[in-house]
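**Q** Letter by letter, the chains look like this.
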Amino acid sequence: MPGMNEMAWIDTVPLADGLRLAAGGLWTATALGEAAAALERLGPVRGRLEIDLDRIERLDTAGAWLIHRATRRLAAEGTRLDWRRARPDHQALIELVQGLERPVAPRPKPRAWLIAVLNRAGWATAKILRESRIQLGFLGRVVLALARASIQPHRLRWTALAFHLEQTGLNAMPIVALISFLIGVVLAYQGASQLQQFGASIFVVDLVGVSVLREIGILLTAIVVAGRSGSAFTAAIGSMKLREEIDAMRTLGLDPLQVLVVPRVIALVLALPALTFLADCMGLLGGMLMSWIELGIRPFQAMERFQAAVDIRHFWIGMIKAPVFAFLIALVGCFNGLRVKSNAESLGKRTTRAVVEAIFLVIVADAAFSIILQALSL
Amino acid sequence: MSARPPPPAISVRGLRTAFDRQLIHDRLDLEVRAGEILGVVGGSGTGKSVLMRTLLGLNRPYAGSIRLFGIDVTAADDAMRRAVNRRLGVLFQDGALFGSLTVAENIAVPLREHARLPPAAVEEIVALKLAMVGLPQDAARKLPAELSGGMRKRVGLARALALDPELVFLDEPTAGLDPIGAAAFDQLILELNRRLGLTFYMITHDLDSLHAICHRVAVLAEKRVLTIAPIAELRRHDHPWIVEYFGGPRGRAALGGAA
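Top to bottom, those sequences are chains S and B.
Numbering that gives the first Met the number 0 puts the first residue of the first sequence at 0, with every later residue one more than the last.
Numbering that gives the first Met the number 0 puts the first residue of the second sequence at 0, with every later residue one more than the last.
Hint data in this document are derived by calculation from the structure and do not stem from the laboratory.
These numbers were taken from a predicted model, which means no experiment stands behind them.
Certain hints may be false.
[Claimed, not checked] Derived list of chain S stretches under chain B, where covered just means 3 residues or more per stretch with a C-beta under 8 Å from a C-beta of chain B:
#1 24-31
#2 55-62
#3 103-117
In this text, a Cβ means the ideal position worked out from N, Cα and C, and glycines have one as well.
Please take these sequences and the hints and turn them into a complete structure.
**A** The following block contains the structure:
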């Protein structure tokens with residue numbers, strides 16, 4: 000900020016038959032401050048008005064504009080401007096901004112809040128419906144593309160498939176292993192503190208075994224993969240969309256669905272069951288370790304109980320969900336990537352959306368599985 | 000005090016910049032006079048943008064001194080640098096407008112940040128800046144995404160002019176504009192230079208712009224400013240790159256059009 004002595008200043012000197020306005024200092028946007036407010040407050044002047052701008056050291060368009068608008072306002076209020084004195088270059092600038100005066104575009108009137116809320120809700124609903132319809136269409140096209148790929152395996156992009164298997168499967172192993180191990184530990188620890196009260200410590204094996212195999216292993220893996228790979232699919236395809244690579248593909252006779260979507264869907268459908276298997280193992284390992292430390296259940300004891308009490312069907316129920324969840328995650332990720340518009344902002348929005356939608360769909364599907372399996376009494 | 004000639008807008012001595020152990024500029028000297036329109040040309044990779052970013056303080060030089068309006072900014076502290084920057088305006092290549100703000104809000108950003116003005120006055124000054132860059136007032140409430148490339152550049156220029164800078168940097172202002180739009184933008188720059196005495200530092204590949212509005216042209220090559228001269232003199236220069244640039248088919252065509 001300029002020092003006080005450099006700020007714009009304004010002074011009013013009463014005359015016998017009117018008022019003299021004297022201004023000086025730096026009349027630039029950053030130095031106007033108080034002078035701007037003082038000029039605003041100036042009421043209509045009885046008699047004649049003299050404006051002396053001679054002592055203004057520097058004037059910019061903002062300062063010139065304020066002087067112009069004040070003069071104009073005072074004139075409209077009936078003040079008679081006798082003379083205005085300024086350095087020639089300042090006078091020229093004031094005339095320049097005068098010549099550029101345009102009416103300010105009016106702000107759109109805000110609607111009544113109730114109407115605005117209803118309006119937004121309506122638009123949002125319409126958007127969701129439209130988006131769902133398009134997504135359904137995308138599902139159909141992906142299924143067709145998958146069918147075509149399975150009839151003509153030579154059309155499949157094997158290199159891309161291997162690459163995505165590595166990205167989504169192999170590279171996700173450490174994080175999936177670590178998280179499921181820790182959840183196994185937590186489950187056993189929480190179970191132990193409850194079951195110990197009934198002297199039923201050994202049932203911790205049932206608790207950890209069933210919950211990890213049937214629900215926790217797959218659900219946790221699916222959520223990690225949705226955050227990791229679903230978003231990566233959207234970001235990768237979306238940035239290709241931004242750089243018009245998708246359009247280039249189409250003009251070169253390549254089908255983006257075949258080239259980009261099919262390998263990703265297949266890779267994830269293969270990778271997620273494998274990751275789920277890993278998560279099951281690590282979860283059980285974590286549970287076993289914690290039971291040993293906390294309850295003194297030795298590993299072979301735990302395994303014996305595990306074999307006797309936990310049915311193999313729990314494992315299969317977990318595993319059968321994996322490809323379904325993988326399909327949903329890949330579908331949502333690719334769909335959002337292809338729906339990116341031509342600006343970087345939409346890429347960010349779509350990526351966030353892909354993760355949220357994928358996790359939502361995974362949980363909905365999981366609930367559907369529970370209901371169906373309950374009905375089948377499995 | 001008005002008798003003393005103003006210091007050069009930009010004065011660079013012995014500048015050296017480097018990225019990843021690759022020398023971009025070495026012993027580069029440059030002087031831009033107050034009130035001129037300087038065109039900056041150079042082949043791809045000669046560091047035109049790096050030089051601009053260094054002058055703006057977005058990049059730290061390894062050695063050398065940079066004076067803006069006679070103030071040594073390489074030795075300046077943060078407060079001083081900010082004070083100098085307030086006297087600069089920059090138009091980035093695609094305008095670099097804030098996507099979430101309307102055109103009017105974009106232009107008002109520097110005014111609201113650095114000046115204490117009545118809100119109504121801010122609105123009117125925004126309208127004034129829009130008129131200065133030749134934009135219709137109904138553009139004010141639009142979002143940058145709703146504008147054409149040429150309009151975005153004009154809004155970018157209006158925002159750069161918000162605080163009435165003395166020196167304006169333009170990064171390829173006519174790139175991506177159609178010839179009519181480009182010529183109109185050239186005229187706008189020329190008019191702002193004449194009417195407000197603004198100094199322009201303009202990176203450009205547009206031979207027509209160079210001919211139409213630049214008082215002098217600086218040629219960047221061999222890690223330094225090879226030469227700086229009015230375009231008519233450059234045509235007599237015998238450096239192979241300059242001969243190729245102005246003597247090639249496009250260079251000759253632009254010359255023919257200007258003559």
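**Q** Against this structure, judge whether each hint is valid.
**A** Evaluated hints:
1. 24-31: That given contact holds, which follows from 4 residues of the stretch 24-31 of chain S lying within Cβ reach (below 8 Å) of chain B.
2. 55-62: holds (count 3)
3. 103-117: Since 4 is at least three, the answer is holds.
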